[in-house]
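Colleague: Listed here are the chains, written in short residue letters.
There are 2 protein chains.
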Amino acid sequence: MLRYVGLDVGGTTMKAAVVDDTGHPATAVSIPTEPHLGQERGLETMCETIRRAVAAANLTMGDIAAIGVATPGTMDIAAGLILDPPNLKPWRDVPVRDHIEKVFGLPTAFQNDANAAAFGEYWVGAGRAVPSMVLFTLGTGVGGGIIIDDHVLEGRHSHGGELGHTRIAWKGGRLCGCGQLGCLEAYASATSVVQRTEEALASAKTPSILSEARTTPNTPLTARMIFDAAKAGDALAQEIVRDTAYFLAVGATNVMHTIDPDMVVFGGGMIAAGDEFLQQIRDFVKEIAFPVPAERTEIRYAQLGSDAGFIGAAACGRQLLKSANK
Amino acid sequence: MLRYVGLDVGGTTMKAAVVDDTGHPATAVSIPTEPHLGQERGLETMCETIRRAVAAANLTMGDIAAIGVATPGTMDIAAGLILDPPNLKPWRDVPVRDHIEKVFGLPTAFQNDANAAAFGEYWVGAGRAVPSMVLFTLGTGVGGGIIIDDHVLEGRHSHGGELGHTRIAWKGGRLCGCGQLGCLEAYASATSVVQRTEEALASAKTPSILSEARTTPNTPLTARMIFDAAKAGDALAQEIVRDTAYFLAVGATNVMHTIDPDMVVFGGGMIAAGDEFLQQIRDFVKEIAFPVPAERTEIRYAQLGSDAGFIGAAACGRQLLKSANK
Numbered sequence: 089m090l091r092y093v094g095l096d097v098g099g100t101t102m103k104a105a106v107v108d109d110t111g112h113p114a115t116a117v118s119i120p121t122e123p124h125l126g127q128e129r130g131l132e133t134m135c136e137t138i139r140r141a142v143a144a145a146n147l148t149m150g151d152i153a154a155i156g157v158a159t160p161g162t163m164d165i166a167a168g169l170i171l172d173p174p175n176l177k178p179w180r181d182v183p184v185r186d187h188i189e190k191v192f193g194l195p196t197a198f199q200n201d202a203n204a205a206a207f208g209e210y211w212v213g214a215g216r217a218v219p220s221m222v223l224f225t226l227g228t229g230v231g232g233g234i235i236i237d238d239h240v241l242e243g244r245h246s247h248g249g250e251l252g253h254t255r256i257a258w259k260g261g262r263l264c265g266c267g268q269l270g271c272l273e274a275y276a277s278a279t280s281v282v283q284r285t286e287e288a289l290a291s292a293k294t295p296s297i298l299s300e301a302r303t304t305p306n307t308p309l310t311a312r313m314i315f316d317a318a319k320a321g322d323a324l325a326q327e328i329v330r331d332t333a334y335f336l337a338v339g340a341t342n343v344m345h346t347i348d349p350d351m352v353v354f355g356g357g358m359i360a361a362g363d364e365f366l367q368q369i370r371d372f373v374k375e376i377a378f379p380v381p382a383e384r385t386e387i388r389y390a391q392l393g394s395d396a397g398f399i400g401a402a403a404c405g406r407q408l409l410k411s412a413n414k
Numbered sequence: 089m090l091r092y093v094g095l096d097v098g099g100t101t102m103k104a105a106v107v108d109d110t111g112h113p114a115t116a117v118s119i120p121t122e123p124h125l126g127q128e129r130g131l132e133t134m135c136e137t138i139r140r141a142v143a144a145a146n147l148t149m150g151d152i153a154a155i156g157v158a159t160p161g162t163m164d165i166a167a168g169l170i171l172d173p174p175n176l177k178p179w180r181d182v183p184v185r186d187h188i189e190k191v192f193g194l195p196t197a198f199q200n201d202a203n204a205a206a207f208g209e210y211w212v213g214a215g216r217a218v219p220s221m222v223l224f225t226l227g228t229g230v231g232g233g234i235i236i237d238d239h240v241l242e243g244r245h246s247h248g249g250e251l252g253h254t255r256i257a258w259k260g261g262r263l264c265g266c267g268q269l270g271c272l273e274a275y276a277s278a279t280s281v282v283q284r285t286e287e288a289l290a291s292a293k294t295p296s297i298l299s300e301a302r303t304t305p306n307t308p309l310t311a312r313m314i315f316d317a318a319k320a321g322d323a324l325a326q327e328i329v330r331d332t333a334y335f336l337a338v339g340a341t342n343v344m345h346t347i348d349p350d351m352v353v354f355g356g357g358m359i360a361a362g363d364e365f366l367q368q369i370r371d372f373v374k375e376i377a378f379p380v381p382a383e384r385t386e387i388r389y390a391q392l393g394s395d396a397g398f399i400g401a402a403a404c405g406r407q408l409l410k411s412a413n414k
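Listed in order, the protein sequences are those of chains Y and D. Residues in the first sequence are numbered consecutively from 89, following my numbering. Residues in the second sequence are numbered consecutively from 89, following my numbering.
Just chain Y, same shape as in the assembly (with noise of 0.2 Å):
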């Protein structure tokens, strides 16, 4: 059986695995990334990562049919390039791909982060049954992926699936990251989830569990705190949630105006909020969608949580393989 690796290069860390040809991962390893040291540094730590994730699985480089790497953007895909991500300064004008490639020999794919962890849910995950699929992913950000008919949508300026920087207020939004106003991920990330609920608090006429979360020394807010108290009953929180629901909700139904997918997925570390979270997004599309998509469209969480990145990268090394040999 074909075998391939993944690498996903995050701002922190690097993870990899050997994945073979039903998807299926082996041992995964991971190497702290490191970006304040260099690209050249960055390299040689993509290299070591991919090795140790050949020797993870009992494996030599020889047993490996293609490589797949998944970097955070800003990136030129075609171009095989990483060119200034905010999580990975300073590097600049990175030649990912041909550096893999030539350091092992082997066909070597590049894609962008989310891109690629959309591409794993629809190889193996939550997506793996139907045509088309979409993904957020809620982390401090919001990532976006989408796939249809079996491609990325990588776009024409790599900026295909950056639904974190759909706007869903022309006017007054809130601030985001980017520097632009109104962004989804400036209302749906799990860091906005916090700064609406300090915003809350420090407003709020009702007490609320998290005031007094809040005052204990050293315990930041955290978004899961924030799902913990609402799941407890605590009316704040329920609001914060149910607004965040809402505002998911409005980024699902502009993407179903657009690109119309069998299935709206969403992943990240803001799923552990669980099942009534989901729900509550369903039940806001079903509101503002057009009847036949609200009805129609399938709307779940991510199935393979941290590894959809190295096993979408994987997927991506192995559509390349497969394109090569038609």
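The set of hints was computed from the structure by calculation and includes no laboratory data. Don't take each hint at face value.
The list that follows gives simulated cross-link-like pairs (lysine-lysine, BS3-like), each with its CA atoms no further than 25 Å apart [stated by the list, open to error]: (1) D/Lys374 - Y/Lys410; (2) Y/Lys293 - Y/Lys319; (3) Y/Lys259 - D/Lys374; (4) D/Lys414 - Y/Lys414; (5) D/Lys259 - Y/Lys293.
Everything numeric in this text was worked out from a predicted model, so none of it was measured.
Fit chain D to the known structure of chain Y by using the hints.
Modeller: Then chain D, alone, in the frame of chain Y:
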């Protein structure tokens, strides 16, 4: 050379022409749709419009290789069915494709009208040199069509490219004709241009050319009058036009951060507003989109006018024939 008939069914008229393999249309013909006469009669009128188009080109049906029909939604594109379009009441569940195919014994394609217009512009209009293109049609409503690598993005439930019904205001948005709040169409259609002007005039402190126009009997305000007043230097009209350009820039940016096409094209009656309006849209996009797509995505006016629909319908017939012959 192969020839096709493209038929564009609108709420008021049906328009058709023979289109040759280079996208050149022969003389177009049109017949009133009169949907109130019922859908059986509607199907007959479609066939009659096709026959007259062939006659107008001095050809016979034997000269035609395929037919394409475009209709307004709602519809089931894959099934070739009109469902219950608001513009074609009281039609319901009309098997357009199968009927036309049976009557003429020719391969028949069926497509949404805005998608067809986009495919027409992609084939021989504004987008003829690019691999991917998004069209916004600006008329009484705002329609959309998305073409990627020679394929119409129909969507899983025939709702691909419903760009007028993506939301640009999650809260306190304007009421849209679809019954929802905050849709792009509620801000950027010709209808909205007039409504927003009426509202501005009602609360205006400074005089406007348009206040006078309004007090003249039997001259209801039109988008055209408002764009003309803006060109003539009227401050109120200029603000309305500028806001409209901004709303469209938000819509364009959202689709650029989702699809990331080579080109965004604006078509429909409202582009009579002229080049200054287009430049305003471009300038706002440069302000609010990510730097690379902001810099590189071409933003243009459509070139085929109201012929885009039947030319695009013919293109769908042509594509059907080509894929059948593969």
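Colleague: Against each hint, give a clear statement of whether it holds in the structure.
Modeller: Evaluated hints:
Under the criterion of a C-alpha separation no larger than 25 Å, the hint pairing D/Lys374 with Y/Lys410 is inconsistent with the structure, at around 39 Å. Between Y/Lys293 and Y/Lys319 the alpha-carbon distance is near 21 Å, which keeps this suggested pair within the 25 Å criterion. Restraint check for Y/Lys259 and D/Lys374: satisfied, since their Cα atoms lie roughly 17 Å apart, inside the 25 Å limit. Restraint check for D/Lys414 and Y/Lys414: the C-alpha separation of about 16 Å stays at or below 25 Å, so the hint holds.
A threshold of 25 Å between alpha carbons decides the hint, and for D/Lys259 with Y/Lys293 the separation of about 23 Å falls inside it, so the pair holds.
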